[in-house]
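Undergrad: Sequence lines, in order, name chains A and B.
All you need for the numbering used here is the position in the first sequence, starting with 1, plus 8.
All you need for the numbering used here is the position in the second sequence, starting with 1, plus 34.
Source of the hints: derived by calculation from the structure; they are not laboratory data.
Quantities reported herein were computed from a predicted structural model and do not represent experimental measurements.
Treat each hint with caution, since some may be false.
What the hints assert, rightly or not - Taking lysine to aspartate or glutamate and the DMTMM-like style, the derived pairs with C-alpha atoms no more than 25 Å apart in a straight line are:
(1) Lys-154/B with Glu-25/A
(2) Lys-211/B with Glu-145/A
(3) Lys-196/B with Glu-183/B
(4) Lys-230/A with Glu-153/B
(5) Lys-200/B with Asp-227/A
(6) Lys-112/A with Asp-208/B
(7) Lys-73/B with Glu-105/A
(8) Lys-210/B with Asp-201/A
(9) Lys-40/A with Asp-208/B
To be verified - Interface residues of chain B toward chain A, partial, derived using beta-carbon atoms under 7 Å:
(10) Gly-167
(11) Val-198
(12) Ile-212
We put the CB at the ideal spot given by N, CA and C, even for glycine.
In case you want the letters, here they are:
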Amino acid sequence: MGKTIVCDSSSLISLAETCNLGVLSFLQEDFKADFVIPAAVENEIVGRPSKVSRFSYTAARIRHLVNESVLRVVANPSVASEAEKIMARANSLFYAENPDRPLKILQQGEAECLALLAPLQSKALLVDEKTTRLLLEDPGKLFSLMKAEHPQTGANEKAMAEFQKQFPFPAMRSTELTAFAAQNGFFGSYNADENEVFHASIYALRYAGCGISQKEIDDYQKMRV
Amino acid sequence: MDFKEHLILLRNAFEKSNIPELKRLSGEFAGDAFIHYRKENIQMSIIAYACAKFLEKPYILADPAWDSFRKSLLSLLEKALQDWSSGKQAPAFAKVAKALSLIERLGADLGRFVFGIIEKAKLKAGAEIYAHGASLGTAAELSGAEKKELSSYIAATRMPEKYVTKSVAQRMQDAKKIFS
Chain A
9 MGKTIVCDSS
19 SLISLAETCN
29 LGVLSFLQED
39 FKADFVIPAA
49 VENEIVGRPS
59 KVSRFSYTAA
69 RIRHLVNESV
79 LRVVANPSVA
89 SEAEKIMARA
99 NSLFYAENPD
109 RPLKILQQGE
119 AECLALLAPL
129 QSKALLVDEK
139 TTRLLLEDPG
149 KLFSLMKAEH
159 PQTGANEKAM
169 AEFQKQFPFP
179 AMRSTELTAF
189 AAQNGFFGSY
199 NADENEVFHA
209 SIYALRYAGC
219 GISQKEIDDY
229 QKMRV
Chain B
35 MDFKEHLILL
45 RNAFEKSNIP
55 ELKRLSGEFA
65 GDAFIHYRKE
75 NIQMSIIAYA
85 CAKFLEKPYI
95 LADPAWDSFR
105 KSLLSLLEKA
115 LQDWSSGKQA
125 PAFAKVAKAL
135 SLIERLGADL
145 GRFVFGIIEK
155 AKLKAGAEIY
165 AHGASLGTAA
175 ELSGAEKKEL
185 SSYIAATRMP
195 EKYVTKSVAQ
205 RMQDAKKIFS
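Construct all of the structure, not just a fragment, from the sequences and the given hints.
TA: As structure tokens, then:
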């Protein structure tokens, strides 16, 4: 059985923008990874942008991965309906001033990714944007960051803990995916330049949108592949 | 802060050509857009940012189209304020939307620079919403910015410094487990 990894659009955008989409086929071939996207993510990164010439190059390359079965689209009504429930819960975890004013933090694509995790017995969620990742890893940290921006923000802490418990799945970013692939020879064809290319790719991912700190980048720069 | 107060602050700052205040308001309106999930706050944020940028450019202020734009914008903001004060929310929102269209129309007279400002204003609003806690998808949806452009705009700020939860060593251990 493949190792299913549900992919959010934020990571696929980072990989596409840095010419690192090859990581997906590399890991599919060498590690039996099964990369999955829900319908809402397909629409975000293929459907809608393919109609705008400025964004169509990225969209065409990701569509190619779908056509080549490197990315598998899972679209069914139960995913959308489960995503609705997830959005209803996530979007009532935090509020402005009082619980009658909930803050909408997640949208359809991210919620559909979460909805796929359990039914597909996924190994991880690939996500570069911080809110979905923090909901899985440390919702308390998300709350404190929100409070720092808007001190009147409140949270339903019990619901927050329950939400996190519902999704016991590790989150990984495009940087971890690329670093793991690099450790296993993804940049091997660069021969003596392999390490330099790997280190540069981590910087490139950051500037393409991966939420990674400078300290983490520095740690990656110390890694040899 | 309520919508009426926003309108007053925006009108006053534009009337006085107060560039720093317009820039400050742009960020504040975007943050409020997240709190109220209201697109009118985004429109106000874009208007404030665009006006600040226009006021920074002497060649725009010297253009014959500027005077008429300035009068029309102030008049629309004033009418929106009157509508809101008399309990007519929908017409007030419609006037804010019209004020944004006025900026877009100015683009037809002044060229590409104006359209660039509107796109930049959406990115700035989206980044503010993201900083307030929204996901990238929500921030893009509410601000009207393209997700791809918003994510690289955010990446170039210092925001990602705040979102660390695990060390790289831990993350690489997790990756090994995932693929083992």
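Undergrad: Next item in the hint list is Ile-212/B. Is there a CB on chain A closer than 7 Å to its CB?
TA: Status holds, d = 5 Å.
Undergrad: If you draw a straight line from the CA of Lys-230/A to the CA of Glu-153/B, is it 25 Å or shorter?
TA: Roughly 38 Å between the alpha carbons, so the hint for Lys-230/A and Glu-153/B is violated.
Undergrad: Taking 25 Å as the top limit, are the C-alpha atoms of Lys-154/B and Glu-25/A close enough?
TA: Satisfied, since the Cα-Cα distance of roughly 20 Å is no more than 25 Å.
Undergrad: Please work out if Lys-211/B and Glu-145/A have their alpha carbons no farther apart than 25 Å.
TA: Judged against 25 Å, a Cα distance of about 17 Å means the pair holds.
Undergrad: CA of Lys-210/B to CA of Asp-201/A, is that 25 Å or under?
TA: holds, 24 Å
Undergrad: Is the straight-line distance between the alpha-carbon of Lys-200/B and that of Asp-227/A 25 Å or less?
TA: holds, 12 Å
Undergrad: Would you check the hint for Lys-40/A and Asp-208/B, treating anything up to 25 Å between C-alpha atoms as holding?
TA: It holds: about 17 Å lies between the C-alpha atoms, which stays within 25 Å.
Undergrad: Need the status of pair Lys-73/B, Glu-105/A: alpha-carbon distance at most 25 Å?
TA: Status holds; Cα separation ~20 Å.
Undergrad: Holds or violated: Val-198/B as interface residue toward chain A, Cβ cutoff 7 Å?
TA: OK, holds: Val-198/B within 7 Å of chain A, min 5 Å.
Undergrad: Verify the proposed pairing of Lys-196/B with Glu-183/B, using a straight-line Cα cut of 25 Å.
TA: holds, 21 Å
Undergrad: Are the Cα positions of Lys-112/A and Asp-208/B separated by 25 Å at most?
TA: Given pair Lys-112/A, Asp-208/B is violated - Cα atoms ~30 Å apart, limit 25 Å.
Undergrad: Gly-167/B was flagged as interface toward chain A. Is the shortest Cβ-Cβ separation under 7 Å?
TA: Hint holds; Gly-167/B Cβ to chain A Cβ min 4 Å, cut 7 Å.
Hint compliance for this structure: hints 4, 6 are broken, all remaining hints hold.
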